[in-house]
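Engineer: Listed in order, the protein sequences are those of chains W and H.
Residue numbers are given in numbering that gives the first Met the number 0: position 336 of the first sequence equals residue 335, and the series is strictly consecutive.
Residue numbers are given in numbering that gives the first Met the number 0: position 220 of the second sequence equals residue 219, and the series is strictly consecutive.
Rather than coming from a laboratory, the hints here were simulated on the basis of the structure.
One should not assume that every hint holds.
Below 20 Å or equal to it, Euclidean Cα-Cα: the simulated SDA-like pairs (lysine to any residue) are [to be verified]:
hint, chain 1, residue 1, chain 2, residue 2
1, H, 310, W, 205
2, W, 212, H, 408
3, W, 40, H, 40
4, H, 251, W, 40
5, W, 200, H, 310
6, H, 200, H, 175
7, W, 212, H, 310
8, H, 251, W, 65
9, H, 113, W, 34
10, H, 113, W, 204
11, H, 251, W, 66
12, W, 212, H, 360
13, H, 113, W, 69
14, H, 113, W, 199
15, H, 40, W, 199
16, H, 40, W, 67
17, H, 251, W, 285
18, H, 40, W, 36
19, W, 212, H, 251
20, H, 113, W, 30
21, H, 40, W, 34
22, W, 200, H, 40
23, H, 310, W, 36
24, H, 251, W, 204
Simulated coverage check for chain H against chain W, where a stretch passes if three residues somewhere in it have a Cβ under 8 Å from a Cβ of chain W [as the list claims (entries may be wrong)]:
hint, stretch
25, 69–79
26, 218–225
27, 317–325
C-beta atoms are modelled at their ideal positions from N, C-alpha and C, and glycine is treated no differently.
What follows is each chain in one-letter form.
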Amino acid sequence: MPDSDLVTDGARQMTICNACRYCEGYCAVFPAMEQRRLFTKADLNYLANLCFDCRDCYYACQYAPPHEFGVNIPKLMAELRADTYREFTWPKMLAVLFKHSALAVSVITALSIILILVGVLLFQGSTNLFAVHLGEGAFYRVVPFVAMTVPPSVIVLYGLAVFTVGATRFWRETQSGIADLIDRKAFWRAVKDGFGLAYLKGGGAGCNYPDAKFSLSRLWFHHLVFYGFLLDLAATTIAAFYEHFLDWQAPYPYFSLPVVFGTVGGVMLVVGTIGLLVLKWRSDREPAHGGMLSMDAAFLLVLFFTSFTGLLLLVFRETAAMGVLLVVHLGFVAGLFVTLPYGKFAHVIYRYAALVRYAVEQRRLDGQD
Amino acid sequence: MTASNQAYDVLVAGGGNAALCAAIMARRAGARVLLLESAVKDFRGGNSRHTRDIRYMHRAANPYVTGAYEEEEFWQDLLGVTGGATDERLARVVIRESETLADWMPAQGVRWQKPLRGTLHLTRSNLFMLGGGKAMINAYYDTAARLGVEIHYRSEVGELEFQNGRFASARIFSDSGSRTAEAKTLIAACGGFEANVSWLKEYWGEAAENFIIRGTPHNQGRLLRELLQKGVKPVGDPRGCHAVALDARAPKFDGGIVTRLDSVPFGIVVNKEVKRFYDEGEDFWPKRYAIWGRLIAEQPEQIAYSIVDAKALPHFMPSVFPPVAAASIAELAIKLGLDRAALVSVVEQYNRSVRGGTFDPGSLDNCRTESLDPPKSHWATPIDMPPFYGYPLRCGITFTYLGVRVDERARVLMQNDTPTENVFAAGEMMAGNILGRGYLAGFGLTIGSVFGRIAGREAARHAGF
Numbered sequence: 000m001p002d003s004d005l006v007t008d009g010a011r012q013m014t015i016c017n018a019c020r021y022c023e024g025y026c027a028v029f030p031a032m033e034q035r036r037l038f039t040k041a042d043l044n045y046l047a048n049l050c051f052d053c054r055d056c057y058y059a060c061q062y063a064p065p066h067e068f069g070v071n072i073p074k075l076m077a078e079l080r081a082d083t084y085r086e087f088t089w090p091k092m093l094a095v096l097f098k099h100s101a102l103a104v105s106v107i108t109a110l111s112i113i114l115i116l117v118g119v120l121l122f123q124g125s126t127n128l129f130a131v132h133l134g135e136g137a138f139y140r141v142v143p144f145v146a147m148t149v150p151p152s153v154i155v156l157y158g159l160a161v162f163t164v165g166a167t168r169f170w171r172e173t174q175s176g177i178a179d180l181i182d183r184k185a186f187w188r189a190v191k192d193g194f195g196l197a198y199l200k201g202g203g204a205g206c207n208y209p210d211a212k213f214s215l216s217r218l219w220f221h222h223l224v225f226y227g228f229l230l231d232l233a234a235t236t237i238a239a240f241y242e243h244f245l246d247w248q249a250p251y252p253y254f255s256l257p258v259v260f261g262t263v264g265g266v267m268l269v270v271g272t273i274g275l276l277v278l279k280w281r282s283d284r285e286p287a288h289g290g291m292l293s294m295d296a297a298f299l300l301v302l303f304f305t306s307f308t309g310l311l312l313l314v315f316r317e318t319a320a321m322g323v324l325l326v327v328h329l330g331f332v333a334g335l336f337v338t339l340p341y342g343k344f345a346h347v348i349y350r351y352a353a354l355v356r357y358a359v360e361q362r363r364l365d366g367q368d
Numbered sequence: 000m001t002a003s004n005q006a007y008d009v010l011v012a013g014g015g016n017a018a019l020c021a022a023i024m025a026r027r028a029g030a031r032v033l034l035l036e037s038a039v040k041d042f043r044g045g046n047s048r049h050t051r052d053i054r055y056m057h058r059a060a061n062p063y064v065t066g067a068y069e070e071e072e073f074w075q076d077l078l079g080v081t082g083g084a085t086d087e088r089l090a091r092v093v094i095r096e097s098e099t100l101a102d103w104m105p106a107q108g109v110r111w112q113k114p115l116r117g118t119l120h121l122t123r124s125n126l127f128m129l130g131g132g133k134a135m136i137n138a139y140y141d142t143a144a145r146l147g148v149e150i151h152y153r154s155e156v157g158e159l160e161f162q163n164g165r166f167a168s169a170r171i172f173s174d175s176g177s178r179t180a181e182a183k184t185l186i187a188a189c190g191g192f193e194a195n196v197s198w199l200k201e202y203w204g205e206a207a208e209n210f211i212i213r214g215t216p217h218n219q220g221r222l223l224r225e226l227l228q229k230g231v232k233p234v235g236d237p238r239g240c241h242a243v244a245l246d247a248r249a250p251k252f253d254g255g256i257v258t259r260l261d262s263v264p265f266g267i268v269v270n271k272e273v274k275r276f277y278d279e280g281e282d283f284w285p286k287r288y289a290i291w292g293r294l295i296a297e298q299p300e301q302i303a304y305s306i307v308d309a310k311a312l313p314h315f316m317p318s319v320f321p322p323v324a325a326a327s328i329a330e331l332a333i334k335l336g337l338d339r340a341a342l343v344s345v346v347e348q349y350n351r352s353v354r355g356g357t358f359d360p361g362s363l364d365n366c367r368t369e370s371l372d373p374p375k376s377h378w379a380t381p382i383d384m385p386p387f388y389g390y391p392l393r394c395g396i397t398f399t400y401l402g403v404r405v406d407e408r409a410r411v412l413m414q415n416d417t418p419t420e421n422v423f424a425a426g427e428m429m430a431g432n433i434l435g436r437g438y439l440a441g442f443g444l445t446i447g448s449v450f451g452r453i454a455g456r457e458a459a460r461h462a463g464f
C-alpha cells in the first residue's frame with residue numbers, strides 16, 4: 000500500500016494495541032508503544048525497527064484476521080521497516096534496489112564474476128588461471144594483490160558511509176539527541192539485547208516461527224549467521240594484519256588464525272543461512288510482508304554462496320580449480336558487499352539504533368519510578 | 000470423521016477455558032474425549048480468548064504477584080461483590096483449588112507475565128497470562144490435541160437424550176450435517192446466552208437490540224436451555240447480566256477489551272435528551288464501570304454521551320476509536336447529533352456548580368458539585384478547555400448470570416436437588432452458583448478452571464478411569 004495509507008493503517012493498528020496491551024510481555028515494541036498515545040510516521044518507524052518479527056503477538060491476538068479489526072503487527076512492522084530502509088538510504092535514487100534485492104544481487108554478482116574473469120584473462124592470462132599455485136602469495140598470482148585489496152576497501156568504506164547517513168537520519172527522526180548516544184548504560188543494554196537477540200525469544204519460549212508453535216530454531220540459526228559473519232570478518236581483519244604488518248601473505252596454513260576463524264565462520268554461515276532459508280520457506284505467509292521475505296531470501300542466498308564458495312576455495316586451493324574458484328568467490332563477495340547497504344543487512348543498523356533509543360527511553364522511565 | 004460411531008467416555012460441549020481444562024483432565028486420566036467447539040478455529044475459545052488474568056489464592060509473593068492473597072481475603076472480596084449471592088461451599092472449593100492453578104496451568108503450556116510498569120492494578124491478586132487469553136487458549140488446544148483429545152470445530156450439541164434419568168446421547172450439529180453421538184458422560188461448558196438477542200429480549204424488550212455483545216457471537220445458550228427444559232435446576236437471575244459502558248462504535252460482537260471507555264469520571268454523561276442521569280464521580284471507575292452498562296440500557300434508545308475537555312484526556316486509557324472533537328460545546332453537540340442549546344446549557348449549569356478542590360485522579364478527591372441533580376461527587380472540574388471531546392456510549396454485555404445448579408463434584412442438579420449421575424457443568428454455565436451477582440476481575444477464569452478440572456476429573460472417574 001502507498002506510504003500514507005500504511006502510516007494511517009499503522010496508527011490505527013497501534014491504537015487498537017494500545018487500548019488492549021495484552022502483548023506487553025512479549026517484546027520491546029509494546030512497552031515503547033505504551034509511552035505514546037498518537038502514532039506519527041516517526042513513531043512507527045521507531046516501533047517497526049524494534050520489532051524482531053517473532054510473531055508471538057500475531058498468534059496471541061484476539062483481533063488478528065479474520066477479526067474485522069484485522070490487526071497484523073508482524074506484517075505491518077515488516078512493511079514499515081522496508082519503508083524506513085528506503086527512506087533513510089543514500090543516495091535516494093538507489094533506494095529502488097531494496098525492492099529488487101534478488102535482481103540486484105544476481106546482476107552485480109554475475110557482472111563481478113565476468114569483470115574479474117575478463118581482468119584475469121587479460122592481465123594474467125589463461126595459463127595462470129588454470130595453473131596450480133602453491134605457497135605464499137598463491138592467490139595473488141591469479142588476482143594481483145592491488146586488485147584484491149583496493150576495490151573491496153572502497154566498497155566497504157562506501158557502505159559505511161551509506162549506513163552512517165541512514166543511522167543519522169533515523170536517529171534524528173526519532174528525536175534522539177547526541178547526549179543519548181553517550182548514555183553508556185543504555186548503550187550496553189542495547190548491545191546485550193542486540194547481540195543476544197533478546198526479542199527472538201519472544202516472551203521466553205521463542206518465536207512463533209515458522210508457524211504457531213513456539214521455537215528457538217530461528218534464534219539459533221540467526222546466531223550462526225551473525226557470529227559466523229563476525230568470525231569471517233575477524234579472519235579477514237587478521238589476514239589483513241598479517242599482510243600489512245607481518246608481511247606474511249595468504250594462503251595461510253590450515254591451523255592459522257585466519258583459516259580457523261574463516262572455516263568455522265564459513266560453516267556456521269552455511270548452516271545458518273540454509274536453516275533460515277528453510278524456516279522462511281516454511282513460514283506462515285499471513286503475518287509476512289512479501290517484499291521483506293524476498294529481501295531476506297536474496298541476502299541469505301548471497302551470504303550462503305559467498306561462504307560456500309569460500310569453503311570450496313579452501314578445500315581446492317592446492318588444485319588447478321583454485322583460479323576459477325577464486326574468481327567465483329570474489330564475485331560473490333563483491334555481490335554481497337556492493338549490495339550490502341541496499342538490502343537486508345540494513346536491519347542491523349536500524350534495529351540497533353532502535354534498541355539504543357528504547358534503552359534510553361526505558362532508563363528515563365526507571366528514573367521516574 | 001473416524002470412529003464417530005464409537006461411544007466416547009466424555010463428550011465436552013464447548014471450547015473455551017472450562018471446556019479445555021475439563022477435556023485435558025479427563026484425557027490425562029485416560030478417557031476418550033470428544034470436544035465440540037462451535038466456532039471456526041480462528042475464533043475458538045469463546046469468551047476466554049478475550050481474558051487477560053486469573054484471580055488465585057496464594058500465601059506469599061512470587062515473581063508474578065506482588066503479595067499474598069489468602070483464602071479469607073478472597074472470600075471477603077467475593078462476598079462483597081456478590082452481596083451474598085454465592086454458595087459458600089462451592090466458592091471455597093474454587094478459592095482453595097485455585098492455589099494449584101499457578102503450577103497446573105504452566106504444565107499445560109500457559110505462561111505467566113511478570114508485572115510490568117504501567118497499566119496493571121491487579122498485580123497482587125491476579126496472575127497475568129503472557130499474551131492474554133488467546134495465547135492461553137492456544138496452549139490448551141495444543142496440549143489437548145497432543146494428548147489425543149478429539150477436537151471438532153464448527154460443531155455443537157443440540158438435543159440431549161436421557162434414559163432413566165441418565166444422559167445417553169447427544170445430537171451433534173456440524174458443517175457436515177447432524178449425527179448422534181453416544182457418550183458415557185457429558186460436560187456442559189459452552190457459556191451463557193448473552194449473544195442470543197431474542198432471549199435477552201424476553202427480559203429487556205426491544206432495548207436488547209441496541210446492546211453490544213463484548214464476546215463471542217456463539218454464546219447462544221442452546222445447551223443451557225436444553226438442560227433447563229430437561230428439568231435441570233437453574234441458578235442465577237435470568238435477567239442478570241454484567242454490562243459495562245462501551246464505545247457505541249464497537250462491533251456488535253467480539254470487540255473484547257479495546258472498546259471499553261474509561262472517560263466517564265473525568266467529565267459528564269448525558270443521554271439522547273441531553274440530560275445527566277447519574278453521578279459520574281460516585282466512586283473509582285474500576286468499582287463503578289459495571290453499573291454503567293445497565294444505566295445506559297435504561298436510557299432512551301439505549302445511548303449516552305460522555306463529554307470531556309482537553310485536560311481530561313491524559314487521565315484515562317486511550318480508546319480505540321478517536322473521540323468526536325470540536326472547538327466549542329455547541330459544535331460538539333452538532334457533531335454528536337444532540338440538541339445544541341440543551342448541551343450548552345447542561346455544561347454551563349455543571350460548570351457553575353463545580354466547587355473547586357484539589358483534583359486527584361488517584362483518590363476520592365474533593366472536587367465536587369453543589370446543588371446539582373444528580374450531583375457529581377468527585378473529580379468534578381469545569382469542562383472549559385477546548386478542544387472538547389465526546390464519546391457515544393452503549394451498553395455492552397460481558398456475560399449472563401443464569402446457569403445450572405451444580406454440586407461440589409460439578410454434577411448438574413435436577414429440580415429436586417438430586418444430582419444427575421453423568422452430566423457435569425463448568426465455566427459460565429455454572430458460574431452463577433458462585434458469582435450470583437457483581438463482578439470480580441479474573442474470577443470467571445478461576446471458576447472455569449477449577450470447575451473445568453473437577454468436571455473433567457469426575458467425568459473420567461464416572462466413565463471408569
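Engineer: Take the hints in turn and mark each one as holding or not.
Structural biologist: We went through each hint and held it up to the structure:
Note on residue 310 of chain H and residue 205 of chain W: the hinted pairing is violated, with a Cα-Cα distance of about 42 Å set against a maximum of 20 Å. A distance of roughly 35 Å separates the Cα atoms of residue 212 of chain W and residue 408 of chain H; the hinted pair therefore is violated under the 20 Å criterion. For the proposed pair residue 40 of chain W and residue 40 of chain H, the alpha carbon gap of about 35 Å is over 20 Å, so the pair is violated. Between residue 251 of chain H and residue 40 of chain W the CA atoms are separated by roughly 31 Å; this puts the pair beyond 20 Å, and the hint is violated.
Note on residue 200 of chain W and residue 310 of chain H: the hinted pairing is violated, with a Cα-Cα distance of about 40 Å set against a maximum of 20 Å. With a C-alpha separation of about 31 Å, the suggested pair residue 200 of chain H and residue 175 of chain H falls outside the 20 Å cut-off, and the hint is violated. Our distance criterion of 20 Å between C-alpha atoms is broken by residue 212 of chain W and residue 310 of chain H, whose separation comes to about 45 Å. At roughly 15 Å between alpha-carbon atoms, residue 251 of chain H and residue 65 of chain W fall within 20 Å of each other, so this suggested pair holds.
A threshold of 20 Å between alpha carbons decides the hint, and for residue 113 of chain H with residue 34 of chain W the separation of about 19 Å falls inside it, so the pair holds. In summary, the hint linking residue 113 of chain H to residue 204 of chain W is supported, as the alpha carbons are separated by about 14 Å, within the 20 Å threshold. The straight-line distance between the Cα atoms of residue 251 of chain H and residue 66 of chain W is roughly 12 Å, inside the 20 Å bound, and the hint therefore holds. A hinted pair counts as satisfied when its Cα atoms are at most 20 Å apart, and residue 212 of chain W with residue 360 of chain H does not qualify at roughly 43 Å.
For the proposed pair residue 113 of chain H and residue 69 of chain W, the alpha carbon gap of about 28 Å is over 20 Å, so the pair is violated. A distance of roughly 18 Å separates the Cα atoms of residue 113 of chain H and residue 199 of chain W; the hinted pair therefore holds under the 20 Å criterion. Taking the CA atoms of residue 40 of chain H and residue 199 of chain W, the gap is near 26 Å; set against the 20 Å cutoff, the hint is violated. For the hint pairing residue 40 of chain H with residue 67 of chain W, the CA-to-CA distance comes to about 16 Å; that is within 20 Å, so the pair holds.
Restraint check for residue 251 of chain H and residue 285 of chain W: not satisfied, since their Cα atoms lie roughly 26 Å apart, outside the 20 Å limit. Annotation: proposed proximity of residue 40 of chain H to residue 36 of chain W is violated, straight-line Cα distance about 33 Å (limit 20 Å). For the hint pairing residue 212 of chain W with residue 251 of chain H, the CA-to-CA distance comes to about 31 Å; that exceeds 20 Å, so the pair is violated. Restraint check for residue 113 of chain H and residue 30 of chain W: satisfied, since their Cα atoms lie roughly 13 Å apart, inside the 20 Å limit.
For the given pair, residue 40 of chain H sits about 34 Å from residue 34 of chain W by alpha-carbon distance, which is inconsistent with the 20 Å threshold. For the hint linking residue 200 of chain W to residue 40 of chain H, the alpha-carbon distance of about 26 Å lies beyond 20 Å, and the restraint is violated. Distance restraint check for residue 310 of chain H and residue 36 of chain W: the Cα-Cα separation of roughly 15 Å lies within the 20 Å cut-off, and the hinted pair is therefore satisfied. Our distance criterion of 20 Å between C-alpha atoms is broken by residue 251 of chain H and residue 204 of chain W, whose separation comes to about 35 Å.
With 0 residues bearing a CB less than 8 Å from a CB of chain W, the stretch 69–79 of chain H misses the requirement of three and the coverage assertion fails. Note: the stretch 218–225 of chain H has 0 residues with beta-carbon separation from chain W under 8 Å; the three-residue rule is not met and the coverage is violated. For the stretch 317–325 of chain H, the assignment as covered by chain W holds, since 4 residues bring a beta-carbon within under 8 Å of that chain's beta-carbons and 3 suffice.
Comparing the model with each earlier hint shows violations of hints 1, 2, 3, 4, 5, 6, 7, 12, 13, 15, 17, 18, 19, 21, 22, 24, 25 and 26; every other hint is respected.
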